[in-house]
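**Q** Sequence:
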Amino acid sequence: MESEKSDKNNITVNHKNQSLNGFTPLYMAAQENHDSCCRLLLSKGANPSLATEDGFTPLAVAMQQGHDKVVAVLLESDVRGKVRLPALHIAAKKNDVYAATLLLRHDKTADIVSKSGFTPLHIAAHYGNVDIANLLLECGADVNYAAKHNITPLHVACKWGKAAVCKLLLAQRAQIDATTRDGLTPLHCASRSGHVEVIQLLLSQNAPILSKTKNGLSALHMSAQGEHEEAARLLLDYKAPVDEVTVDYLTALHVAAHCGHVRVAKLLLDYGANPNSRALNGFTPLHIACKKNRIKVAELLIKHGANIRATTESGLTPLHVASFM
1 MESEKSDKNN ITVNHKNQSL NGFTPLYMAA QENHDSCCRL LLSKGANPSL
51 ATEDGFTPLA VAMQQGHDKV VAVLLESDVR GKVRLPALHI AAKKNDVYAA
101 TLLLRHDKTA DIVSKSGFTP LHIAAHYGNV DIANLLLECG ADVNYAAKHN
151 ITPLHVACKW GKAAVCKLLL AQRAQIDATT RDGLTPLHCA SRSGHVEVIQ
201 LLLSQNAPIL SKTKNGLSAL HMSAQGEHEE AARLLLDYKA PVDEVTVDYL
251 TALHVAAHCG HVRVAKLLLD YGANPNSRAL NGFTPLHIAC KKNRIKVAEL
301 LIKHGANIRA TTESGLTPLH VASFM
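Numbering (full-length UniProt numbering), first residue to last: 1 to 325.
Treat the hints loosely; a few may be bogus.
Calculated pairs, EDC-like style, for lysine to aspartate or glutamate (alpha carbon to alpha carbon, straight line, at most 16 Å) [claimed, not checked]:
(1) K115 with D54
(2) K239 with D270
(3) K212 with E244
(4) K108 with D54
(5) K167 with E197
Each pair of labels, with its calculated beta carbon distance range [claimed, not checked]:
(6) G183 with G22: 37 to 47 Å
(7) F324 with N206: 39 to 49 Å
(8) K167 with P208: 12 to 22 Å
(9) G315 with D111: 56 to 66 Å
Simulated from the structure, these hints should not be mistaken for lab results.
Keep in mind that this is a model prediction, so the values were computed, not measured.
Virtual Cβ for every residue (Gly too), placed ideally from N, Cα, C.
With the hints as constraints, model all of the structure from the sequences given.
**A** Set out below in structure tokens:
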């Protein structure tokens, strides 16, 4: 076990002086922005790597509170290891270029990973912080770092609709067809959330519009599921196949019927979707609308030629389904 550090009066400044929550004197001084006190404690052997029960170190709390002088003091003491783990992520979240510059000056590893498996660039992408993202990339951050479930920074930026970060990442050669563990591309992520500006950006740079997830979901399926009419329209204008099917032979119209999204269903029909397409079990969009009690969608489908006598693999008509579901 690490020996305890103490001053001439034998007052410990590390383990034995931690509170019930794991707060050390150094942590408290950092939290309250007392840089001179931090410098004194460090000179007496205070361990800057000791964390609270929540995993926060003195550097982490100083970063979170924006105490730049304390951050500088801690870094001057050659802080290493876990103490830095959340710090650069905090700077990325806050778009704190100054603090991040200090951190990277002492340790040039821009791709340090958090407990959840994400890099600071992933965090910057999530919050749309272009300045910090640019700094991280300049300092060698991997633009295509595949974190947990193979999620890249571009996936994150697309999911949250951060168009400016998307542009930056693509300019730095982010892989536009990167797939997650489940087969999601950045276009899937943007389409599921209905971020039209990001979708337009991706499609203008030849994003794979025909790409499917492991379950066979296309970007159009995603936009239909989320009731994102304009996103679906944009995809269709870029020639996304309107009747593309999943592994269960479900079309985007099946999805819209299931969710009761009338406007998306009408859009798909206006673009030529087949109202009588059959899923693997023989269900048509009308069967699904009846099963889920989506009256307005059912009316729309019938108006566009849906067969009210169509039968499933087990011989059920839409009326059967509506009667007992």
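**Q** Does each hint hold? Answer for all of them.
**A** Verification of the supplied hints:
Using a Cα cut-off of 16 Å, the hinted pair K115 and D54 holds, with the two alpha carbons roughly 12 Å apart. Using a Cα cut-off of 16 Å, the hinted pair K239 and D270 holds, with the two alpha carbons roughly 14 Å apart. Our distance criterion of 16 Å between C-alpha atoms is met by K212 and E244, whose separation comes to about 10 Å. Between K108 and D54, the direct Cα distance comes to roughly 26 Å. Violation of the 16 Å bound is thereby established for this hinted pair.
Among the hinted pairs, K167 with E197 is consistent with the structure: their alpha-carbon atoms are about 11 Å apart, no more than 16 Å. The given range of 37 to 47 Å is respected by G183 and G22, whose C-beta atoms sit roughly 42 Å from each other. A hinted range of 39 to 49 Å holds for the C-beta pair F324 and N206, which are about 48 Å apart. As the Cβ distance of K167 to P208 is approximately 19 Å, the hint placing it in 12 to 22 Å holds.
Separated by about 58 Å at the C-beta atoms, G315 and D111 satisfy the suggested range of 56 to 66 Å.
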